[in-house]
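Participant: These two chains come separately, so use the hints to put the complex back together.
Same order as they appear, the protein sequences are chains A and B.
Sequence positions in the first sequence follow full-length UniProt numbering and run 1 to 374.
Sequence positions in the second sequence follow full-length UniProt numbering and run 1 to 335.
Take the hints with a grain of salt, since some may be wrong.
To be verified - For the chain A half of the interface with chain B, some residues (derived, Cβ under 7 Å), not all of them:
| hint | residue |
| --- | --- |
| 1 | Gly67 |
| 2 | Gln216 |
| 3 | Asp284 |
Honestly, the hints are just simulated from the structure, not real lab data.
Values in this document were obtained by computation on a predicted structure and should not be read as measured data.
The C-beta atom is built at its ideal place from N, Cα and C for all residues, glycine as well.
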Amino acid sequence: MKVTTELYHCMVAASTYIEDCCISVWIMADFDLQSTEGRLEALRRMVTIRAFDEEAGDRFADGEIPGFVHLYIGEEAVGVGACAALDPDDYIASTHRGHGHCIAKGLDPQYMMAELYGKAEGYCNGKGGSMHIADVDAGMLGANGIVGAGPPMATGAALSIDYQDRDQIAVGFLGDGAVAQGQVHEAINIAATWDLPAVFVIENNHYGEGTAVEDQHNLDNLSDTAQAYDIPGLTVDGMDITAVAEAVSEARDRARAGDGPTIVEAETYRYRGHYEGDEEPYRDDAEIERWQERDPIESFKERLIDRGELTQEEFDELQADIEAEIDAAIEFAQDAPAPEPHEAYEDMFAEMPPEIERFASAARTDGGRPGGDR
Amino acid sequence: MTAQVESELETETEELTVREAIRQAMREELERDEDVFLIGEDIGVFGGVLEVTGDLYDDFGPERIKDTPISEAGFMGAATGAAATGTRPVVELMFSDFAGVAMEQIMNQMAKMRYMFGGKAEMPVTVRTTEGGGMGAASQHSGTVHSWIAHFPGLKAVAPGTAASAKGLTKAAIRSNDPVFVFENKMIYEQKGAVPTDEDFTVPIGEAAIEREGEDVTVVATQRLVGESLQTAENMADDTSVEVIDPRSLYPLDIDTIVESVKKTGRLIVADESPLSYGTHAEIVARVQEEAFFSLDAPIQRVGTPDTHIPFSPPLEQEVLPSGDDVRDAIRRVT
Ligand SMILES: Cc1ncc(C[n+]2csc(CCOP(=O)(O)OP(=O)(O)O)c2C)c(N)n1
Ligand SMILES: [Mg+2]
Chain A
1 MKVTTELYHC MVAASTYIED CCISVWIMAD FDLQSTEGRL EALRRMVTIR
51 AFDEEAGDRF ADGEIPGFVH LYIGEEAVGV GACAALDPDD YIASTHRGHG
101 HCIAKGLDPQ YMMAELYGKA EGYCNGKGGS MHIADVDAGM LGANGIVGAG
151 PPMATGAALS IDYQDRDQIA VGFLGDGAVA QGQVHEAINI AATWDLPAVF
201 VIENNHYGEG TAVEDQHNLD NLSDTAQAYD IPGLTVDGMD ITAVAEAVSE
251 ARDRARAGDG PTIVEAETYR YRGHYEGDEE PYRDDAEIER WQERDPIESF
301 KERLIDRGEL TQEEFDELQA DIEAEIDAAI EFAQDAPAPE PHEAYEDMFA
351 EMPPEIERFA SAARTDGGRP GGDR
Chain B
1 MTAQVESELE TETEELTVRE AIRQAMREEL ERDEDVFLIG EDIGVFGGVL
51 EVTGDLYDDF GPERIKDTPI SEAGFMGAAT GAAATGTRPV VELMFSDFAG
101 VAMEQIMNQM AKMRYMFGGK AEMPVTVRTT EGGGMGAASQ HSGTVHSWIA
151 HFPGLKAVAP GTAASAKGLT KAAIRSNDPV FVFENKMIYE QKGAVPTDED
201 FTVPIGEAAI EREGEDVTVV ATQRLVGESL QTAENMADDT SVEVIDPRSL
251 YPLDIDTIVE SVKKTGRLIV ADESPLSYGT HAEIVARVQE EAFFSLDAPI
301 QRVGTPDTHI PFSPPLEQEV LPSGDDVRDA IRRVT
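Excised from the complex, chain B in its bound form (with noise of 0.2 Å):
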């Protein structure tokens, strides 16, 4: 894994945010192949509620940018049997909470489909949507459901931390056959990093990376909470040395690197948006004690939301959202 960190940075690079790289990776994957499209609410002229298409449909006009009415049940089985038709739809559900109007086709059709047929169809659809609390947006506009999906047998799911890995994910869903959730969260969208310019650069579903080596413990951050994360890791680095882990890509899950990591640290900790019960963190934990249960020193930590829905106010959105300072405390809980 380190030695892919090292072969990213020698690549050349451009300094794009969050919401740019996810763009650029439709752009260049629109010109790739033209089997490719766009579907969506406010997709076209509005660019986008959250301005992630912004000027695609200039470029590539209303029928590869194609604006649905306010449907998603609809378009999201569309997008399944336009899928598993030839085409190559990359679905933009504008909020993830949205994803309950829209879940009968995702769970029973999207995700079954080539099982049941024996492996007799293609589903080579990708959904991007975003995630997540902190702009005011209130309880049906700010869940952080990635576990829903990810749980769910025939799909799978990603979820970037940085400008490159948006990039790369997003690209690397389009190009695959099969349904790929891609989960960006909404607060990130302006943060900034360094891109691959190749047009082929891609991240591999299904791979971690390690975004800060340490020795002391291991964080396995996600979304929002790598860049929290990696600021906590600078800023307690005086007197711990923590190693930050974004696993990039939630199912598959790339334990090994995670497991390998533990092994070094014999500390963890999983911070991820998500609530607290049933879910990713309880994945992850589960997976490293399978495989690195002699090698933990300490109980592993989670942060995450607990188990509430995101309230509207400021203070009590705050006060449920996980953030940089609890993966502190975590750590701090541990060593």
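Just chain A, with the same shape it has in the complex (with noise of 0.2 Å):
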């Protein structure tokens, strides 16, 4: 048994250590709306999002991914626009709409997926799920469960680089629905009186859940909370990746040159139900339409083509290289094994207390260890 469990975390150790190639190898492709190949990551970002939500949504629907899946379809500018604003090693702090910023940040979508399954190999070794993706090493400080409490994280992310002098920010995104929250107003005020370097996203997509934003929010423009912290605030179309960029960027200056934090909303639109499965009685489908009118992909890559740096050939090439990848992805997550029982034991503390051992195995009739058969 021992020799197993050690092998086990051998085998973690070197998967890891795979895992923080692929990353590094990720965030070195330039991505920035300056430059011709920074525009191509950031459509290539966009696409694979896209291509990811896409896939996991069928394969939820297929019961090969449990639990809750909120998809990102539509938003795409929105993440890979405020990304494409950030150094690699300033941080974001997500929601539970979170599988457009792990990509947008450059995360790879085959441990992602791989965590969607549940599996070892994920972003949270299975523990976290759609939901919990982090990657904390790569700047992404999680996806979240909890309505609002991102913010907050980016305030504190953005009190340690203040406390250590360091030239970094961090991006709290929130949705439309989030604005309302308690916690989203403190931390706010937080970073305001304290000039922290944080940029706060609002994605605002009109709808909280099935309530829409007007019955949620007493303002039209939610950058208008900005007022109560004295700090600017705006609202740009978030269907525009260029836009959400150039907002983010001013707003990437502003927090490390001192002048503390900025209030972005981008006006944008789930294609998507809330989360899958949801039967959407709140709107109809001429709404979605309209919206799917302005779609962030297909007029980006239309810009692109019209500026002579992107034919519809290479769009198609780039399209099927993603649809491959997201294709490998879910082999690669449907094959990777599941975490062993032992590990629901793991990542409580640093220092295991004793209890969770002693609760663990005096469950079992064999008085055996943690995580043995049942």
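Facilitator: Right, here's the structure in full:
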């Protein structure tokens, strides 16, 4: 038994190592809307998000992916635009709708997919799932199951940065619904009062679950909340990656200069239900189609073609490559081993208290160790 | 208690799921008392994420089925303030894990107002929320937190394990002038059972139910583990006679029914999905040894979550979640 456990840990260590290498390769790609290469990379990340989420939706429907999944389809310009304005070592704190932020930040779809499948090789070793994908080393402070919990996390990262005088910033993503949370207000107020290097990006997709934004707020522009903190607040077209990137880039400059946080509201739309399986009694197809006419990928692609930076053939090729990549990610996730039962008892603390071990083994008739056969 | 089970059996019943039973309880209380209203996130047109409020919105409209912004601290506090000023709010806290967001209003306002004001405030508020793992919802949507609420002075806590008690407790909670938390378990919403049709059927808060009589060992089980323990008892019936008690109410706790049973069987298993340390199990165990120490023939066994969060990956989740098999193993250890 002991040998197996140790061997297992070696394997985990090895896979983590491989994982680290992959991530650094991802981060190396130039990703900045200032250059052709950067714009193509941004397009690639947007297409990757869409392909990833379409596949995740299908696999959820097939029953392969357990739990809840909240898809980012339609909102790609927000996550990718915001992250294009960042340096690789900047932080982001995400939401329950986090797949897009992960890919925008450069996380690897295959380890993300493995996490959705609850596999040991996923970003959180299968413990987190879709709602908790995180890679702290890559600056991704986690998707979050608690609406409104990301902004305080971003304020906290900005606090470390400020405390240690580092040249980084932290972005907290939040939904329109999350703006109603008390802790969001508290977090922005702290950041504003202390001039912390944070940016709060509100993804206004016009619904919080099944409730329309106007039924949750008394303001038309959620960025107007910035006035209460005496910080800049602006509302941009979230279907336009350039608009988002420019706004976040300016906010980033301001944050790095020690002038404190900015609120950027991006008007966007989710094409799919709140979560997969949502019957969507609160909206009609016509509304969805209206937004789809301004599809963020389609419009950015057209712009790149117009500028002569891309041809339709190259785009088709890109799309085919990405689809193959996502197919490979699915295969990787399907084939990856499930976590060992004993892992359920790990990671609670830096130093494991005896209680967990004792309770776990007391529950076995054979008095066996945690994770032994039931 | 046996008498009570019998009298319940004599009344007219219909077969309902736990979900339908809770919805029916709310419907009847909304009809009975116009000061009652529901308040929570997406409980209206959306029908609630776990579809418990369902079609109530169609019948009662937005004035009485109130969709809130995503502001648990705000609406928990608003319900508290409303309860103190003449109405009877029924809050849906979408997942019990979100109590974290609302805890200030719960522990410092709702729980303390009556006492601090020298009895000069009523607090007829009900908080329904859903607990438990088993659907791959991961750590922030799978917790079992009823021990916090049951522990906190000034709050009552109930946790039904059957459709009948789900309806009866929900109605009793809404009629109560005290703050009552109703802890539903998300894995048993589809569980069916016979539910009394009488519109005045309630389950008094503070009364346990003997769900199965037995001689050899007492299993006190809550929520999902009631059904699983009944199944285990059935499976073991050849060689072990298992008594299964659903306390139904965690605070106040009907310790007399449990003690009576332990005096008969001499053995006790406490099965509850909450983490084992400092919680519901410990309370029941402590009270039993205070009152029935000399009747015990074997060490009391606890079945619960071994102080971990609920992990996402299904094999890990199944590893930490207590089940009917764990109850069986516990029984085997002491019989
Ligand atoms: C504290 C808390 N309350 C409620 C929920 C349930 N919930 C999950 S997502 C969601 C809607 C969030 O809306 P928004 O912030 O606009 O984000 P979107 O889903 O539109 O991306 C709700 C109510 C939650 N996860 N956490
Ligand atoms: Mg939204």
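Participant: None of the hints should be skipped; say for each whether it holds.
Facilitator: Hints, one by one, checked against the model:
{"no.": "1", "hint": "Gly67", "verdict": "holds, 4 Å"}
{"no.": "2", "hint": "Gln216", "verdict": "holds, 4 Å"}
{"no.": "3", "hint": "Asp284", "verdict": "violated, 13 Å"}
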